[in-house]
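Residue numbers (the numbering used here), protein chains in the order written: chain A, 39 to 509; chain B, 39 to 509.
Accuracy of the hints is not assured; some may be wrong.
Copies of the same chain look alike in the list, so a pair counts if it works inside one copy or between any two.
[As the list claims (entries may be wrong)] Here are the computed lysine-lysine pairs in the DSS-like style, where the Cα-Cα straight-line distance is at most 25 Å:
1) Lys-445 to Lys-378
2) Lys-427 to Lys-354
3) Lys-161 to Lys-249
4) Lys-481 to Lys-161
5) Lys-161 to Lys-280
6) Lys-445 to Lys-280
7) Lys-105 to Lys-445
8) Lys-99 to Lys-427
The set of hints was computed from the structure by calculation and includes no laboratory data. Model, not experiment: these values are computed from the prediction.
The lines below spell out each chain.
Protein chains: 2
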Amino acid sequence: MRRKVLTAEHLTQIQAIVATGRVLTDESDLFSYSFDGSFGTYLPDAVVQTKSVDELAALVKLANREKIPVYPRGQSTSLSGGPLPVKGGMVFDLSVMNDVLEVYEEDLVAVVSPGVLTAAIHKAAERRGLMYPPDPSSSHVSTIGGNLAENSGGPKGLKYGVTKDYVIGLEVITPEGEIIQTGGRTVKNVTGYDLTKLIVGSEGTLGIITKAILRLIPKPQQTATMMAIFDSLVDAGSAISKILSSGILPSKMELMDQASIVAVEQYEPLGLPTDAAALILIEIDGHPLALKEETKQAAALCQAVGAREVRIAKDKKEEAELWKARKLVSPAIVRIKPTKISEDATVPRSKIPQMCERLQEIRETYNIHLVVFGHAGDGNLHPNIICDKTDDEEMRRVEQAVTAIFKAAVELGGTLSGEHGIGTMKAPFMEMELGAAGLDMMKRIKHAWDPNEIMNPGKIFPVPGQKLELS
Amino acid sequence: MRRKVLTAEHLTQIQAIVATGRVLTDESDLFSYSFDGSFGTYLPDAVVQTKSVDELAALVKLANREKIPVYPRGQSTSLSGGPLPVKGGMVFDLSVMNDVLEVYEEDLVAVVSPGVLTAAIHKAAERRGLMYPPDPSSSHVSTIGGNLAENSGGPKGLKYGVTKDYVIGLEVITPEGEIIQTGGRTVKNVTGYDLTKLIVGSEGTLGIITKAILRLIPKPQQTATMMAIFDSLVDAGSAISKILSSGILPSKMELMDQASIVAVEQYEPLGLPTDAAALILIEIDGHPLALKEETKQAAALCQAVGAREVRIAKDKKEEAELWKARKLVSPAIVRIKPTKISEDATVPRSKIPQMCERLQEIRETYNIHLVVFGHAGDGNLHPNIICDKTDDEEMRRVEQAVTAIFKAAVELGGTLSGEHGIGTMKAPFMEMELGAAGLDMMKRIKHAWDPNEIMNPGKIFPVPGQKLELS
Chain A
39 MRRKVLTAEH LTQIQAIVAT GRVLTDESDL FSYSFDGSFG TYLPDAVVQT
89 KSVDELAALV KLANREKIPV YPRGQSTSLS GGPLPVKGGM VFDLSVMNDV
139 LEVYEEDLVA VVSPGVLTAA IHKAAERRGL MYPPDPSSSH VSTIGGNLAE
189 NSGGPKGLKY GVTKDYVIGL EVITPEGEII QTGGRTVKNV TGYDLTKLIV
239 GSEGTLGIIT KAILRLIPKP QQTATMMAIF DSLVDAGSAI SKILSSGILP
289 SKMELMDQAS IVAVEQYEPL GLPTDAAALI LIEIDGHPLA LKEETKQAAA
339 LCQAVGAREV RIAKDKKEEA ELWKARKLVS PAIVRIKPTK ISEDATVPRS
389 KIPQMCERLQ EIRETYNIHL VVFGHAGDGN LHPNIICDKT DDEEMRRVEQ
439 AVTAIFKAAV ELGGTLSGEH GIGTMKAPFM EMELGAAGLD MMKRIKHAWD
489 PNEIMNPGKI FPVPGQKLEL S
Chain B
39 MRRKVLTAEH LTQIQAIVAT GRVLTDESDL FSYSFDGSFG TYLPDAVVQT
89 KSVDELAALV KLANREKIPV YPRGQSTSLS GGPLPVKGGM VFDLSVMNDV
139 LEVYEEDLVA VVSPGVLTAA IHKAAERRGL MYPPDPSSSH VSTIGGNLAE
189 NSGGPKGLKY GVTKDYVIGL EVITPEGEII QTGGRTVKNV TGYDLTKLIV
239 GSEGTLGIIT KAILRLIPKP QQTATMMAIF DSLVDAGSAI SKILSSGILP
289 SKMELMDQAS IVAVEQYEPL GLPTDAAALI LIEIDGHPLA LKEETKQAAA
339 LCQAVGAREV RIAKDKKEEA ELWKARKLVS PAIVRIKPTK ISEDATVPRS
389 KIPQMCERLQ EIRETYNIHL VVFGHAGDGN LHPNIICDKT DDEEMRRVEQ
439 AVTAIFKAAV ELGGTLSGEH GIGTMKAPFM EMELGAAGLD MMKRIKHAWD
489 PNEIMNPGKI FPVPGQKLEL S
């Protein structure tokens with residue numbers, strides 16, 4: 039049995055602090071907090087649900103004094119192990135802090151509490167003719183707090199950037215239990231170090247975000263969608279480059295390789311050409327008059343580099359049909375085998391064809407079922423390995439394949455993670471990308487802020503000799 | 039006479055390290071490095087000019103060992119004292135590192151060395167149909183290294199954000215002389231803490247940037263410009279809000295108050311209405327078809343909230359004429375009195391009318407010559423005080439007025455500095471905005487990275503009891 043971190047006395051103290059919320063300690067309750075969208079199961083000692091920032095800060099003070107690990111958690115859709123309570127201790131269930139969602143139209147900002155679903159922010163902004171651009175695929179089920187911790191991306195990263203680009207202020211509980219404000223309500227702010235952008239994407243290791251100020255933009259008036267089908271992956275890559283260098287900046291450019299096209303057609307026949315090497319889905323947004331012309335131009339560019347066919351949606355209904363292909367990739371591939379390892383290795387745009395070739399080699403070398411799709415417009419591919427986690431022999435090949443994917447991305451000038459985060463799974467590969475000195479500068483910040491290592495321990499930073507283990 | 043930091047032995051060691059560059063120690067040479075665009079004169083002990091990153095790193099190692107202050111410096115256009123060698127020691131003249139300016143069209147990135155002028159990056163990008171959006175007013179004379187250190191803004195912040203939003207990777211010499219790489223060539227990167235965005239805007243206190251990878255975007259096809267003239271500052275503020283909430287996102291929205299209109303007309307008659315309370319200059323960019331419609335719509339919105347007159351430029355020549363008014367503000371106001379204190383206090387957009395009122399009160403209370411203009415679209419005003427630094431009595435009133443401006447900005451939910459940085463001048467006001475705990479978290483990073491406090495000391499962080507001194 040796992041050794042518990044919390045003593046009976048600790049629990050009494052925790053109960054005394056949490057006056058307005060709940061403390062869960064029943065094993066059956068704790069189990070729901072032991073996993074996320076990635077790998078591994080770790081039971082916490084207690085789960086706290088409270089909307090009170092003061093109570094949370096008091097708990098962090100206690101945790102810091104008693105060296106009790108603390109894990110902030112949203113809806114646990116993390117694909118990298120961000121919220122896993124790997125060293126026991128307390129989970130803070132921040133999904134209950136879902137009551138603040140204020141839109142200030144004149145300032146073009148929204149103020150939100152961490153438990154609000156990202157999709158709710160999209161809706162609230164749109165009701166006022168505004169837009170919160172970051173759109174991770176999980177936005178209907180993930181909290182903004184989780185998006186902030188992981189600096190979530192999504193297909194719109196190409197034109198609009200990622201979560202971090204829209205966060206201008208935070209309220210944060212530091213690892214020593216102080217409540218600080220960073221940034222504010224202005225887009226321009228150079229008063230001291232940018233703690234806001236340091237904390238966003240730090241995976242909950244530098245503090246607990248209890249409020250965020252998000253920048254909104256006017257909502258584009260209209261969107262247009264097209265699908266271009268290619269007999270060669272290299273041609274698809276060229277089309278993406280040509281469009282971007284023509285002066286058109288699409289809001290989305292998504293790639294699906296043959297394996298993902300086949301998977302979708304087998305799952306639900308949509309009339310996709312299963313003999314095509316790749317397809318790209320392009321969305322352009324903006325002023326209706328500009329859209330018409332840009333759509334024509336983008337279609338012509340695709341044809342000029344050898345697209346077999348270009349389908350342009352005539353209305354919203356046809357747009358939705360085209361996007362359905364991309365939306366079905368994830369459900370389609372989990373039908374093939376029960377375990378899906380979703381990677382997000384990202385390369386410079388020009389290296390996408392090369393990365394696709396490397397992935398092809400990896401597929402053959404390790405004899406794995408590999409499906410490639412993702413946000414090709416910003417170099418953020420999603421190589422997904424379909425496997426069965428109960429098959430030890432297969433999982434060892436998967437471990438080697440995942441390692442090879444990371445290596446390929448870094449060798450091509452890219453990064454281990456474009457949008458999922460490092461968490462537990464990618465920690466062993468940090469030094470490969472950052473070098474010892476680069477990693478050391480990150481560790482110094484962690485130690486300076488969290489000397490007792492209580493804030494979401496076991497994430498980002500590898501322990502010496504740590505290796506990827508999936509089997 | 040000032041006590042020197044460098045001994046003769048230090049100088050011998052420095053000379054030995056700088057094999058490919060120059061070490062200046064002549065008082066006449068040093069004088070050129072003793073000031074910037076702000077206040078105060080501080081002579082360094084030596085100035086190093088070298089293009090070699092290894093030599094600079096070796097110098098930093100020496101400096102760290104011997105506790106010699108080091109100051110990275112570009113073209114010294116800083117308005118906040120960023121590069122001032124306030125504690126003696128070595129200045130690194132990075133303006134000589136101007137030889138790398140590579141544009142990678144397919145990746146939509148530029149790789150630059152710190153001494154390259156920002157305007158040269160604009161040109162290099164434009165030649166390829168691309169754009170590097172940050173456009174501080176000093177871009178023709180300031181280096182990208184200085185822009186990176188200060189996280190420079192400019193009028194395009196409204197639509198395109200600031201320098202930080204376009205930096206995706208850095209090469210940096212740490213305060214202990216290690217060379218690290220942060221980020222990379224991908225727009226999406228969540229591998230560990232975002233050291234890139236921490237270092238950009240840290241005013242040279244966390245390391246020396248020796249290379250940067252900048253994100254570029256497709257250049258908008260066309261621009262349109264209009265000037266709207268108002269009898270009331272509040273109406274001008276309303277026009278800005280109305281335009282933004284109509285779905286139009288202009289590339290620039292600049293405000294000039296009556297004092298700046300009058301100053302420009304006295305300097306060079308352009309036919310501006312000197313009896314108007316304010317004017318706003320609006321630039322919209324994008325697709326030609328969309329522009330036409332949006333320009334009409336924006337003009338109608340200005341008229342609907344009470345604009346006395348709206349002038350729309352018919353061609354590039356007329357565009358340039360309208361912008362001339364804004365461009366002449368700075369040269370016009372320095373004609374009035376020799377000293378110009380240029381502030382950049384920034385407030386949430388909706389608070390611009392209130393901030394204008396507070397500035398009016400400050401003008402009267404302290405009997406100062408105050409001119410207000412700036413980037414109203416993003417809340418980043420530039421209250422400029424015109425004075426004579428040899429007049430002690432006047433400068434004491436100016437000190438009080440500056441303090442009052444900072445207070446007003448913070449009270450309205452804004453910030454001390456939108457784009458100029460904290461440097462030496464605003465350090466005394468840091469705790470007012472950040473609180474003791476917030477400032478402490480910044481100091482911890484500084485101490486963890488630069489334990490011997492050699493990297494651009496005397497900036498950002500106040501010494502106990504430090505006050506603004508201009509007289």
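Going through the hints against the structure:
1. Lys-445 to Lys-378: Within one copy, since 20 Å is at most 25 Å while 54 Å is not.
2. Lys-427 to Lys-354: neither (40 Å within a copy, 64 Å between copies)
3. Lys-161 to Lys-249: For Lys-161 and Lys-249, the Cα distance is within 25 Å only inside one copy (19 Å; across copies 41 Å).
4. Lys-481 to Lys-161: neither (38 Å within a copy, 39 Å between copies)
5. Lys-161 to Lys-280: between (33 Å within a copy, 21 Å between copies)
6. Lys-445 to Lys-280: neither (28 Å within a copy, 51 Å between copies)
7. Lys-105 to Lys-445: Neither, since 36 Å and 40 Å both go past 25 Å.
8. Lys-99 to Lys-427: Result: close neither inside a copy nor across copies, 39 Å intra and 50 Å inter.
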